[in-house]
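Novice: These protein sequences, in sequence, are chains A and B.
If you're matching positions, the first sequence starts at 3 in my numbering and goes up one per residue.
If you're matching positions, the second sequence starts at 106 in my numbering and goes up one per residue.
Mixed in with the good hints there might be a few duds.
[What the hints assert, rightly or not] Below are the BS3-like pairs computed for lysine-lysine, each with C-alpha atoms no more than 27 Å apart in a straight line: (1) A:LYS323 to A:LYS111; (2) A:LYS172 to B:LYS248; (3) A:LYS350 to A:LYS158; (4) A:LYS129 to A:LYS155; (5) A:LYS391 to A:LYS404; (6) A:LYS391 to A:LYS233; (7) B:LYS248 to A:LYS233; (8) A:LYS391 to B:LYS197; (9) A:LYS391 to B:LYS248; (10) A:LYS171 to B:LYS248; (11) A:LYS37 to A:LYS275; (12) A:LYS151 to A:LYS233.
Derived by calculation from the structure, the hints in this document are not laboratory data.
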Amino acid sequence: MKKFLVLVLATIMVFVFAKERIVINSYMSDPAPRKALAELVEIFQQKYPEYEVVVNTFAHEDFKVLLRTWLASPKGTADVVTWFAGERMRYFAEMGLIVPVEEVFEGAKWEDYFPEAFRSTCSYKDKIYFIPQSWYWWGVYYRKSVFEKFGIKEPKTWDEFLQVCETLKKNGIVPITIGTKFPWTAAGWFDILNLRINGLDYHIALTAGEVPYTDAKLLKVFEYWRQIIDKGYLLPNHTAYEWQEAATFLFRGQAGMYYMGQFIKDVAPTEVKDDLDFFRFPIIDPAVAPYEETPIDGFMVPANAPNKKGAIVFLRFIASKEAQEKFAKDLGRLAANVAVAPPDAHAKKGLDMILASAGVAQFYDRDTNPEMAEVGMNAFIEFMQNPGKITDILKRLEAERKRIYGK
Amino acid sequence: MKKKLAPYLFLAGPLALYFIWVIYPIFRTFVVSFTRWDGMTRPRFVGWENFIRLFNDRYFILSLLNNFKWMVGFVILSIPLGLFFAMLMDQKYPGHKVYKSLVYLPMALSFVVIGQIWSWVLEPSGGIVNTFLRWMGLESLAKPWLSDPRIVTYSLIWAALWRQVPYAMVLFLAGLQSVDREHVEAAIVDGANAFQRFWYVILPELRPAMVITITVNIIDSLRAFDIVFVMTRGGPYYSSSVMANYMYIQAFHNYRMGYGAAIAVIQFLITLGFILVYVLNVLKREERL
Chain A
3 MKKFLVLVLA
13 TIMVFVFAKE
23 RIVINSYMSD
33 PAPRKALAEL
43 VEIFQQKYPE
53 YEVVVNTFAH
63 EDFKVLLRTW
73 LASPKGTADV
83 VTWFAGERMR
93 YFAEMGLIVP
103 VEEVFEGAKW
113 EDYFPEAFRS
123 TCSYKDKIYF
133 IPQSWYWWGV
143 YYRKSVFEKF
153 GIKEPKTWDE
163 FLQVCETLKK
173 NGIVPITIGT
183 KFPWTAAGWF
193 DILNLRINGL
203 DYHIALTAGE
213 VPYTDAKLLK
223 VFEYWRQIID
233 KGYLLPNHTA
243 YEWQEAATFL
253 FRGQAGMYYM
263 GQFIKDVAPT
273 EVKDDLDFFR
283 FPIIDPAVAP
293 YEETPIDGFM
303 VPANAPNKKG
313 AIVFLRFIAS
323 KEAQEKFAKD
333 LGRLAANVAV
343 APPDAHAKKG
353 LDMILASAGV
363 AQFYDRDTNP
373 EMAEVGMNAF
383 IEFMQNPGKI
393 TDILKRLEAE
403 RKRIYGK
Chain B
106 MKKKLAPYLF
116 LAGPLALYFI
126 WVIYPIFRTF
136 VVSFTRWDGM
146 TRPRFVGWEN
156 FIRLFNDRYF
166 ILSLLNNFKW
176 MVGFVILSIP
186 LGLFFAMLMD
196 QKYPGHKVYK
206 SLVYLPMALS
216 FVVIGQIWSW
226 VLEPSGGIVN
236 TFLRWMGLES
246 LAKPWLSDPR
256 IVTYSLIWAA
266 LWRQVPYAMV
276 LFLAGLQSVD
286 REHVEAAIVD
296 GANAFQRFWY
306 VILPELRPAM
316 VITITVNIID
326 SLRAFDIVFV
336 MTRGGPYYSS
346 SVMANYMYIQ
356 AFHNYRMGYG
366 AAIAVIQFLI
376 TLGFILVYVL
386 NVLKREERL
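So that you can see chain B by itself, here it is in the shape it has in the complex (with noise of 0.2 Å):
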């Protein structure tokens, strides 16, 4: 009886907290989004009022186009790049510990000091990436990289890649040590070509790494925030927003507690759709096993 009491009391703390933190804020979220409520007096109920708005609302609109923009942009380039690296660094030479370090280098930093350092190198005028295009004579690519609605999205979505794409790296690079030598040895022994052995023998057992990869990316760019925060503010006019800044200016700046809540709502089913897919798909290969 004590034997099996023991992991329940251990576990009791941690999932009080648990449910302090995350699960009962959930649950008052969705509340508080069917109410009008400024953060001080009484919320009001209104039912379906704030979601109904939302839908009507172009700037929401365009933070969540915004975010599959992220999506998409994560999917296509941090996965196919960090592959590319990973097996790169997965190759012995010298002072390949110290490229792999180089590359893994933007992961230690936030996104906070990226959005920064990005902002000093996208600057119109004095930016290095503008200062080196006219020097090449190339005045016509410099672009306003982050005053131009138009191109503002693609900016962000670039320097966040400056993190993600060795995140990715060191995903596959775990997944790497699990793909079995033997099999890429009897691929050589079969005279399999590089590209053969990496299409036909390595990429097949990457496949969980590529599950997790492609589902930690597409969940990291529903909840992207930090880099818009600090290199935009969402703007011009709410041009770069995404999902979660969105509801960051009207919950925080604009006192629109529920509607700020509705937007977290939605933000929270469509992250919850990404994660049960993955989860599906984990349990399913265990299943498996």
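If we strip away everything but chain A, and leave its shape as in the complex, we get (with noise of 0.2 Å):
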């Protein structure tokens, strides 16, 4: 009886004070990402009383997996999830597991909002399934400090570069940190010779699984790639350290160069913040145009969601101005939209970069099937292990990539 009663009232009292909810599952599980998307939540609601937002936030790794049991579920829970732009994105959309969201421009355009290169990334078959919210450039870290007292100046050329390599390590310094404990890093070389050496356009024909990985112009990635293997310029014992304990190689100046996304600043100890600074990965073939990689983070809408109206109010508010200036100003990062300003002078060197860039890509494992990544990216710490052995290990991923795509 008692149990009852407090059922109905219950039942009433959601009826008397309905407030729609908006259910957002998201992997911003480190603290500054965290507290930005808090604060965004916060400003919704104040603007939309009529709605209550509820975050439910994973860590990134766990949310990896556990997406797509939220999204095959007959029943869904959440109505807006974080995800990556590119593949990682259009697997959903392909198998309708996620819906399209144009209706958050309402009468206006992609354009209005968003860059048009931007545009294939978010969407499938021409329609856009991704809200972008921000992104951020890839390029060579280093210390300010430490070029410096050596009087290195940021090197263009591939040969520049392996100069700055030799006169750091005469200093006792190691040229290149990584760690590839979590093996995507590696990736991010991979991606960015393969972009210097091949371009975009055969960089994206492989991550779809269209080139095969015996193809003689890869071989020529993985020989460039070599000469700093062979010649000892990057850190010993990489596999042993994951990204943020390699990066403190280079916060402690042992290191001296660190290819990585904008985010190592997150984890910089705030005395080393300002002496960093970044370059363009040097040009290898100057006939070969400019490309970076910009992975760009975002929102999309489960085709579970309960509360699908909800969630394009929630994301239109995303796509805002306000919204996407707030959070690149919290997090140093580029704000999708095009109206925003880049929010430091660090970020303004980052957008001039990709401005001038011919075309960007996303992540080796933002393009590439996630099963194919997995098998890619440990191919490639065995390859940095073993760089004898590459015939073998690219035989060996051709095999992988047969099966995979089966073709």
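Two chains, two separate frames, one set of hints: put the complex together.
Specialist: See below:
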């Protein structure tokens, strides 16, 4: 009886004080982005008091596993989920597990909000499925003071880059740091070398599974990579470190350079932060236009979302200049919204680099089928430890590609 | 009649849970292992394909071999060491309880914590082990413990022994309680020295404890997962991977549920084999009693 009364009371309360719920499942588990999102939600609720937003936060790696169960279950719980643009998003769109979100633009167009260049990576079959929030660039990070000390200038070409490595090494500094306990950092190197040597179209075809891994053009990528491995320019024992641990070698001045995304600044100690700078990954073949890596983060709406209407309202807010500006400012990243200026000088430099590029890629594990990405990234590590085995490694990768893509 | 019903009523609850959470998933795993399934779309029946693939998968074979390394390491190291500590702790001397607690302490830590600690200890540049070796002038012995594919598995086993040895010790200590003191005293009267007393009297009486400890260690080595997951995630490039780890990666990272299930089935069958040997052994002994 008591239970029944409580139930009745609860039902009445729901109807009287009904606020429509919007549930967001988020992977922003690091303190800084988590806080930024919470503050955005606060602003949203002040603007739209009829909605009550619930944010469920999950650790990054857990989120990747759980997302599939949320999307696949017949009854959905989340209305909005965080995710990555590119193949990672398309994979779900293809299965009909997420829905197009054109309504977000209400009479306007994609181009009124976001750069045209982002469109393809946020859509599937000409429909927008993904609302970008922020993005960042990858570059070769270094400490200004260390470069100054040895009179090093930012290298522009591959030869200059090797020269810088040599100078650092002579002075007892590990030229390039990298932590490959989680292998994606190695994929960064693969991507940028392939982009510099073979260009964007080739890279996209490769990540889409259309180019055999035994292709001669691809072998060239590993030949260049091998130069820095054979000369001992890379941090020894890099497989023992996570990317943050490898970054400390840079922060302590024991290592000279780190090819990394802008988020390296999130983990830098305050006294080092302003000493950090980056340069564009050196040009290898002047005939190939410069392309860069710029992963895009954002949101999508599951097909089983209980409150799709609310989800669209929330995403409309996320796409707005106000929300994008706040998020970018808080994290020093670039807003996807074209109306938002870069939040600081560092971001301005990043943006200029991207604007000067001929095109952008997401990232190996965002552009490639997840299974291929896993084998591929582990193969890169194997290559870094045994560069001599490259033909054998690529042969195995090719066998995997054939199995995974069925062609 | 009522009397007979009661135990079954009590059992019904736990049994129901057991079926839902243990038996049914095992059964489902067998079914899934014959399919190709990404965890979302409809599973497709593929017969033995996953199993055939597995035995052509060098990384699975490697994981399987690594499990055997774990098994050998656990049995040949944690059994004698556990027994040694148990014998040491079984005596009464000032402060013996403190020593017992100290040795026992790692048991209270989870493998995740132990893995984290040992990641720091074995860290190649500034870790305690290598720092110590360099300080001793043994630079050549300082190794990249966690990044050299040839030694990484042994480093992991070593870290796991940190917990496995006290575990074996506890089992042996319990076993020592049941050793008949009169037999030991009789041996003393007969003039047996310490080694003889140990070898001819205590060890044979420890047989039941020995069987349990070996079996438990074998089973533990087959389900090794946490330390690998924390310390290397099976890397570099799968070289320290074990079956459970490889299964996790295939199922939850690569979204190959069927393939992952096939690995689980093989792991299950191997473990089951050892458990059966153990159970039969126990049954045989009980018959004798």
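Novice: State for each hint whether it applies.
Specialist: Verification of the hints:
1. Between LYS323 (chain A) and LYS111 (chain A) the alpha-carbon distance is near 15 Å, which keeps this suggested pair within the 27 Å criterion.
2. The straight-line distance between the Cα atoms of LYS172 (chain A) and LYS248 (chain B) is roughly 24 Å, inside the 27 Å bound, and the hint therefore holds.
3. Distance restraint check for LYS350 (chain A) and LYS158 (chain A): the Cα-Cα separation of roughly 19 Å lies within the 27 Å cut-off, and the hinted pair is therefore satisfied.
4. Taken as a hint, the LYS129 (chain A) and LYS155 (chain A) pair is broken in the structure, with Cα atoms around 45 Å apart against an allowance of 27 Å.
5. Between the alpha carbons of LYS391 (chain A) and LYS404 (chain A) the distance comes to roughly 20 Å, so the proposed pair stays at or under 27 Å and holds.
6. Among the hinted pairs, LYS391 (chain A) with LYS233 (chain A) is consistent with the structure: their alpha-carbon atoms are about 17 Å apart, no more than 27 Å.
7. A distance of roughly 20 Å separates the Cα atoms of LYS248 (chain B) and LYS233 (chain A); the hinted pair therefore holds under the 27 Å criterion.
8. Distance check on the hinted pair: LYS391 (chain A) and LYS197 (chain B) sit about 59 Å apart at the alpha-carbon level, beyond 27 Å; violated.
9. Taking the CA atoms of LYS391 (chain A) and LYS248 (chain B), the gap is near 23 Å; set against the 27 Å cutoff, the hint holds.
10. At roughly 21 Å between alpha-carbon atoms, LYS171 (chain A) and LYS248 (chain B) fall within 27 Å of each other, so this suggested pair holds.
11. A distance of roughly 20 Å separates the Cα atoms of LYS37 (chain A) and LYS275 (chain A); the hinted pair therefore holds under the 27 Å criterion.
12. Distance hint between LYS151 (chain A) and LYS233 (chain A) is fulfilled; the C-alpha atoms sit about 23 Å from each other, no more than 27 Å.
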